[in-house]
Amino acid sequence: MTPRHHLDEATLVSYAAGALTDGMRAVAATHLEACGHCRAQLAGAERIGGVLLSQRQPTDEPGLLAQLREAMLARLDATPQMRPTSTLGGDDDHAASRVTGTDLLPRALHPYFGTSWRALRWRWTAPGVHMIKSSRPSGDNLIMLKIAPGKSMPVHSHGGSELTQILKGAYDDALGHFGPGDMADLDSDIEHQPVTSPGVPCICVAALDAPLRFPGWFARKLQPLVGL
Amino acid sequence: MTPDTHRWSLSPFETARAMSTNEPQPKTAEDWAAEMAAVSRCGDRDSFMRIYDHFFPRVRLYLRGQGSPEAVAEELAQEALLRLWQRAGMFDAGRGSLATWLFRIARNLHIDRLRQERYWVALPEGAEPAEDPPDEPYSRAESYADHVDLARRIERLPATQARLIRMSYFEAKSHSEIAAELGMPLGTVKSGLRRAFLKLQVEVCGGAA
Numbered sequence: 001m002t003p004r005h006h007l008d009e010a011t012l013v014s015y016a017a018g019a020l021t022d023g024m025r026a027v028a029a030t031h032l033e034a035c036g037h038c039r040a041q042l043a044g045a046e047r048i049g050g051v052l053l054s055q056r057q058p059t060d061e062p063g064l065l066a067q068l069r070e071a072m073l074a075r076l077d078a079t080p081q082m083r084p085t086s087t088l089g090g091d092d093d094h095a096a097s098r099v100t101g102t103d104l105l106p107r108a109l110h111p112y113f114g115t116s117w118r119a120l121r122w123r124w125t126a127p128g129v130h131m132i133k134s135s136r137p138s139g140d141n142l143i144m145l146k147i148a149p150g151k152s153m154p155v156h157s158h159g160g161s162e163l164t165q166i167l168k169g170a171y172d173d174a175l176g177h178f179g180p181g182d183m184a185d186l187d188s189d190i191e192h193q194p195v196t197s198p199g200v201p202c203i204c205v206a207a208l209d210a211p212l213r214f215p216g217w218f219a220r221k222l223q224p225l226v227g228l
Numbered sequence: 001m002t003p004d005t006h007r008w009s010l011s012p013f014e015t016a017r018a019m020s021t022n023e024p025q026p027k028t029a030e031d032w033a034a035e036m037a038a039v040s041r042c043g044d045r046d047s048f049m050r051i052y053d054h055f056f057p058r059v060r061l062y063l064r065g066q067g068s069p070e071a072v073a074e075e076l077a078q079e080a081l082l083r084l085w086q087r088a089g090m091f092d093a094g095r096g097s098l099a100t101w102l103f104r105i106a107r108n109l110h111i112d113r114l115r116q117e118r119y120w121v122a123l124p125e126g127a128e129p130a131e132d133p134p135d136e137p138y139s140r141a142e143s144y145a146d147h148v149d150l151a152r153r154i155e156r157l158p159a160t161q162a163r164l165i166r167m168s169y170f171e172a173k174s175h176s177e178i179a180a181e182l183g184m185p186l187g188t189v190k191s192g193l194r195r196a197f198l199k200l201q202v203e204v205c206g207g208a209a
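Chains as they are written, first to last, in the working numbering: chain U, 1 to 228; chain W, 1 to 209.
Do not take every clue at face value.
[To be verified] Derived DEER-like restraints, expressed as beta-carbon distance ranges:
1. U:LEU175 - W:LEU182: 43 to 53 Å
2. W:ALA37 - U:GLN67: 26 to 36 Å
3. U:LEU120 - W:GLU79: 41 to 51 Å
4. U:VAL200 - W:LEU198: 28 to 38 Å
5. W:ALA71 - U:GLN193: 49 to 59 Å
6. W:THR160 - U:ARG75: 34 to 44 Å
7. U:GLU61 - W:ASP31: 38 to 48 Å
Hints were generated in silico from the structure; no laboratory data involved.
Positions of the beta carbon are idealized from the N, C-alpha and C atoms, including for glycine.
Next up, chain W with everything else stripped away, as it sits in the complex (with noise of 0.2 Å):
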């Protein structure tokens, strides 16, 4: 049965369900950017709460990965999504998909909640570099062809550098905890990460192929 049939096949009552749904089919990164740039230039509420929809329970799960507590990643999670509302006409969606600058957003969250409880000081506004967005133009924008190709050259890697990526990534973990960790040399650790972001870059860069 086709997935067509299959629908066909709903009552009223659940077709109307199934269309009510937060999100009835996946959404493209460009999809993303028009629900921002309508949050950016009416404050359009119904825009940003399909992004929240979509987006918080990822952040949260990623924060929580990062070993924030459950009440933390809830709280820097609301706060990740609230910052993309105050600075949504700050996006640039040439410049990168919206998972891009929101992931940047919830790491730095992230690190600089770290550092206050590891100091008990706030630092300075600003003071985390990865917070400005650096002048250079990237090469070119990313597509969202780039994204599924970039998402499945991840899922190509290597067993051992497809966990090196997640340890990174998903953990932070440092080269000397993953090397613990694994029980491999640190260079060995540190060539797995090169080689595997080297795959990873030629699929961004080399899009035209």
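Next up, chain U with everything else stripped away, as it sits in the complex (with noise of 0.2 Å):
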């Protein structure tokens, strides 16, 4: 799956900056655990932080900076460091490692939504869509949505920044043809109407980036049927 539609330059920037919402963040890093070509933007983002970091003039604190050097002098005989063969992703995982393959979900959502596929547990919704909220207190924007194939949402705008990652199925609007890995990172001036794909249901993520809005990817005469 090579994604064909991206991330943003500016969402890729905010990311980079850490400057996004967590759930923005997680459907950020749900599309750049599957693409390379955003990985490789990412890159460039991040060392714009590394050329500002080091661009930082402090001031001078000599008493309290000798304080902190000398606990850290402190600290390194306690820590010792770690081989060079252990690769840095190699902090186990404990609850990924139970499940596998493609019960997998994506490793960037499972803080809010677990690691498998199977003991997702879909709500529904309106006819032909479930949905899951986050289980995280600060996930009133961060939602897993599953669509019908064949299915015709209304036509509707967004009012902030909104990021949709598809994993599985697929949808057509105006834009193109979003399927597995794409990325839909959307101005609040882009109206659309997406149509979800035949055969499979169309499940995706999306986020807000201002807590408490719901995702216009449903209409927002969804939104008194789900309660938000």
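Both chains come to you apart, so use the hints to assemble them.
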């Protein structure tokens, strides 16, 4: 799967800067797991962070710094260095190790939706539409959606920035065909009417950059139904 | 008076003092990579402390900009440098500068801290994907020249774009927050960041020019 729709550069910059909300960050990270192109772009955005970090001009506080320096020297004694052979990703992800292969959700979603596709608890939301809200307290703006195949969503636009990452299935709208791995990183002024492809349900994960806002992927008329 | 003649006019005591300051001259990305190699190869403490002396105050300042209280910024900055010590063997100078690596460590520590404060739950280790460098090889190594070019290019950004970049990196403001604070339409914030990024990318990737 080679994604054809990518993260907006403005979103990449904010991801690199650590400036996305948790929900947006999780959706962007899900795309990054699947997309080498965006990972390469991200490396560029992180270099900007590196340069900005080294350009900072700290004020001189010799007393405090000397104290902290001593504390660090003491901690070095107690802190063994890791062997270079162990990889950085080698921290055991205990939960993930029990779930393998096709049942494994993208890693970035684990803190919010668990590790397993099979364990997801979909809730009926509207005809042909199931949804899961993130189990975490800040998850108001992070949801997974499952839309039945061949379903047409009402025309809508977006109040704020919205990120939608397609995990399974596909949909078409005026912006093109969106399949697994694709990212719909939409500006607020875009109006669209997604139609899910025939065959399998379209499953995606979506977030808005403002908390307590419901993603526009649904028509606003659905909002009363889901009580948001 | 040129800097050289000035230097020779110092008394021997002053000269000795000038030479014993932590940073007699600016180090390049290559110098830092060499220090890291020594830390990784034989746990060289002198090399590590030279890295510490230069970067700790900068990381701490960065974390304060992110909104961390003074004590938290200190603690996280210490933690960031300690991780650098622990994981020195995983640093790959061919994939990016030490400053970029440290930036990522500090940023991720800060994000994890915020999430823990919000939820009062520890996240599973490794839940933060930015913590794991992707397998994707960078298109080419970041050289000292790239670093200098990028720094220069950042300085030359138009004022508004520079402001958007700084509000993003230094204050971790989201697009909506920036829009609200500057009274700008959201679309303008995004297009400004997009243009700034593309300008900075040209410099990094088109270095042959």
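### Query
Checking against the hints above, which ones are violated?
Result: hints 1, 3, 7 break, sorted rising.
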